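Could you put together the complete structure from these sequences and hints?
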Amino acid sequence: MMRRHSALLLYIAICGLIVFLVKAEWINAYIQIVIMYIGINIMLTTSLNLVNGYMGEFSCGHAGFMAVGAYVTSILNVWFFTSGNLFGDALLRPSLSIMLFPVTLLIGGLCAALVGLLVAIPSFKTRGDYLAIITLAVNYIIKSAIENIQVIGGARGFMGMRKVVNAMVETVSLPWVMIWILVFTGLTVVVLHRFVSSTFGKGVVAVRDDEIAAEIMSVNTQRMKLIAFMLSSGLAGIAGGLFAHVLGYINPGSFTILKSTEIMVMVYLGGMGSLGGSVMSAVLFTVLMEFLRPLQVLKWVLIPLLLIVLMMFRPEGIMGHRELTDVFPRLRRMFPSREA
Amino acid sequence: MDIQSFFQNLINAMQWGSFYALIALGYTLVYGVLLLINFAHGDIFMVGAYIGFFVATFLLGSYAFHLPMVLPPHLVFIVTLLITMILTAGVGVTLERVAYRPLRRKGAGRLYIVITALMAGLILENGNLALLGASRRAFPDLIEKAVYTIGGVTFTNIKIIVILAALGVFVLLEAIVRKTKIGMAMRAISYDRVAVPLMGIPIDTVIVFTFILGSSMAALAGVLFVSAYPVLEPYMGAMIGWKAFIAAVVGGIGEIRGAFVGGFVLGFIEIFVAAVFPSTFRDLIAFGILLLFLSLKPTGIFGVARAQKI
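Line by line, the protein sequences give chains R and W.
Using the numbering used here, the letters of the first sequence map in sequence onto residues 1 to 340.
Using the numbering used here, the letters of the second sequence map in sequence onto residues 1001 to 1310.
Treat the hints as calculated values from the structure; they're not laboratory data.
The model shown is predicted, which means the values in this text are computed figures rather than measured ones.
We put the beta carbon where it would ideally sit given N, CA and C, even for glycine.
Incorrect hints may appear among the rest.
To be clear about the criterion: a stretch of chain R counts as covered by chain W if any three or more of its residues have a C-beta under 8 Å from a C-beta of chain W, and this derived list gives those stretches [unchecked claim]: (1) 115-123; (2) 127-135; (3) 255-266; (4) 305-311.
Capping the alpha-carbon separation at 25 Å, the derived lysine to any residue pairs in SDA-like fashion look like this [said to hold, decoys possible]: (5) 125/R with 1111/W; (6) 1106/W with 313/R; (7) 1106/W with 305/R; (8) 125/R with 1293/W; (9) 299/R with 1127/W; (10) 1106/W with 5/R; (11) 1297/W with 58/R; (12) 125/R with 1285/W; (13) 1106/W with 302/R; (14) 299/R with 1134/W; (15) 125/R with 1297/W; (16) 1106/W with 210/R; (17) 1297/W with 305/R; (18) 1106/W with 209/R; (19) 1297/W with 117/R; (20) 299/R with 1091/W; (21) 1297/W with 299/R; (22) 1297/W with 302/R; (23) 1297/W with 215/R; (24) 125/R with 1127/W; (25) 125/R with 1288/W; (26) 125/R with 1299/W; (27) 299/R with 31/R; (28) 1106/W with 128/R; (29) 1106/W with 208/R.
What follows is the structure in structure tokens.
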């Protein structure tokens, strides 16, 4: 019993330690932000891996769903919990924001999942390159739509989330954004792990390997695609909501193709169809980006170069369709195995 | 919209359609032969524009080392076009040799080559930014701008040159692909890539030729583009490249006719949307139409759905 949950307990212990260190102000604001970015990147990478890795599609518009989540969550929070000239007085007491923050995050995720339908429904008929275009177009459409809604700032961006965060901290003095990022990162990985281990997950992998054969073997491929796309975009939406509250300011320019490309780089670096690889590469990539910061533009020459070299010598990415438990069988004692 | 502004928009749409078509061609040619989406192609267009800039300024004698004689601007324009097309074709072929061919030889999946292409595009963009800096450059005026007005519709000679160039390229490429031996080899590869090498067709030569064609057309588009809109910046190829790619897909990727029709369709949609709605809606409506279109006819205008054997 203890062993089954040891990984979870370990994660909770690490999170507790991080929160304690932040609270005690032993780690500075910069490192805190890096940790938060790592969490968000883990969420984005693992969720994209569900579509690009497990289902074998080529979705290149993940940042669009992130944008939907970011905007919906931010607007709800600013509308409910802060007084400003945009929405008038706060609808609810600002102190309630502690309880309702995860709710608004989930609503943001839900909206992103619904927008995911824009990709999921065409995916019934199209595959491969044409679907790639559709994801690309959806990313542009979302960005362009936000730019055209002047009420929420249009291209100028949307702010006010800082006040919400402050309201939470004033009520109970804890690093709330950090806590929620840690919680949702853990949740994302657990949900995705459970999902790909379930019969649904096997169905998704079957769609990747051979769609027609899967269909013949009574896999409901449309349902698989629908669920995979909606889950993936929903999780990206939650990550977006958290991202908005880390920065305190969002604008459509943060959710371009470049951002989507960045997430894709992390997925392929870590290896397709490997959650462990995605988590690892999200950590590695975020830290690497911070170390390479002094190089400025050259950073964006080095990272693609790194990926090209990787594609030459190890095209399946660092982990490539394997989990940590496959590489280190002993770990199986800690994680409930996929076959269980 | 009255008839006058309709024709005005028509000319603008034709010009933008020509740019999209010329770039979309590179996507479609490479896709037809290799089944590879060469995502670096938009940046090849950018590289072409930059090479054109340096060739033109060199020919005009802006550097310490210059030609012994002074060339008239018209000649400079033609020489610039030719040299740029050759050099950019070199860039395209280098990319193929360095990045794509090793992967192909190893038999890596298509997806990995696509990712490599995407990354190569980023390297070109940001390498340029790191090398030449973020400052924008102005392309010198090589063609003396002449403005004509016919029945209230005004247009410049550059617009006419762009449209004529696109049409000329279309005729030329159709001829190459339909009438020549190497064109036949290109069609053969896209028809059956397993049998073609067995028939003694040098597959690598055909692929290199495809890249030469695609890249030189992108270079042509690049030089024409900066002649019409004389600003160069490292990210100029990204947006127009993605859009040209969309044009290629709308037309049915792998089809030369498709690239042209798709390019013009996209040009028309963009310009007329901007004419009727506020211009910020341009991308929204253009991509919305694309999404709708692809949901209804996933293979594009000229694409033919291939039956899959089980």
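Hints, verified against the model:
no.: 1; hint: 115-123; result: holds (count 3)
no.: 2; hint: 127-135; result: holds (count 5)
no.: 3; hint: 255-266; result: holds (count 4)
no.: 4; hint: 305-311; result: holds (count 4)
no.: 5; hint: 125/R with 1111/W; result: 20 Å, holds
no.: 6; hint: 1106/W with 313/R; result: 10 Å, holds
no.: 7; hint: 1106/W with 305/R; result: 19 Å, holds
no.: 8; hint: 125/R with 1293/W; result: 12 Å, holds
no.: 9; hint: 299/R with 1127/W; result: 10 Å, holds
no.: 10; hint: 1106/W with 5/R; result: 43 Å, violated
no.: 11; hint: 1297/W with 58/R; result: 19 Å, holds
no.: 12; hint: 125/R with 1285/W; result: 22 Å, holds
no.: 13; hint: 1106/W with 302/R; result: 24 Å, holds
no.: 14; hint: 299/R with 1134/W; result: 15 Å, holds
no.: 15; hint: 125/R with 1297/W; result: 9 Å, holds
no.: 16; hint: 1106/W with 210/R; result: 23 Å, holds
no.: 17; hint: 1297/W with 305/R; result: 37 Å, violated
no.: 18; hint: 1106/W with 209/R; result: 21 Å, holds
no.: 19; hint: 1297/W with 117/R; result: 18 Å, holds
no.: 20; hint: 299/R with 1091/W; result: 22 Å, holds
no.: 21; hint: 1297/W with 299/R; result: 41 Å, violated
no.: 22; hint: 1297/W with 302/R; result: 40 Å, violated
no.: 23; hint: 1297/W with 215/R; result: 22 Å, holds
no.: 24; hint: 125/R with 1127/W; result: 39 Å, violated
no.: 25; hint: 125/R with 1288/W; result: 18 Å, holds
no.: 26; hint: 125/R with 1299/W; result: 10 Å, holds
no.: 27; hint: 299/R with 31/R; result: 20 Å, holds
no.: 28; hint: 1106/W with 128/R; result: 22 Å, holds
no.: 29; hint: 1106/W with 208/R; result: 22 Å, holds
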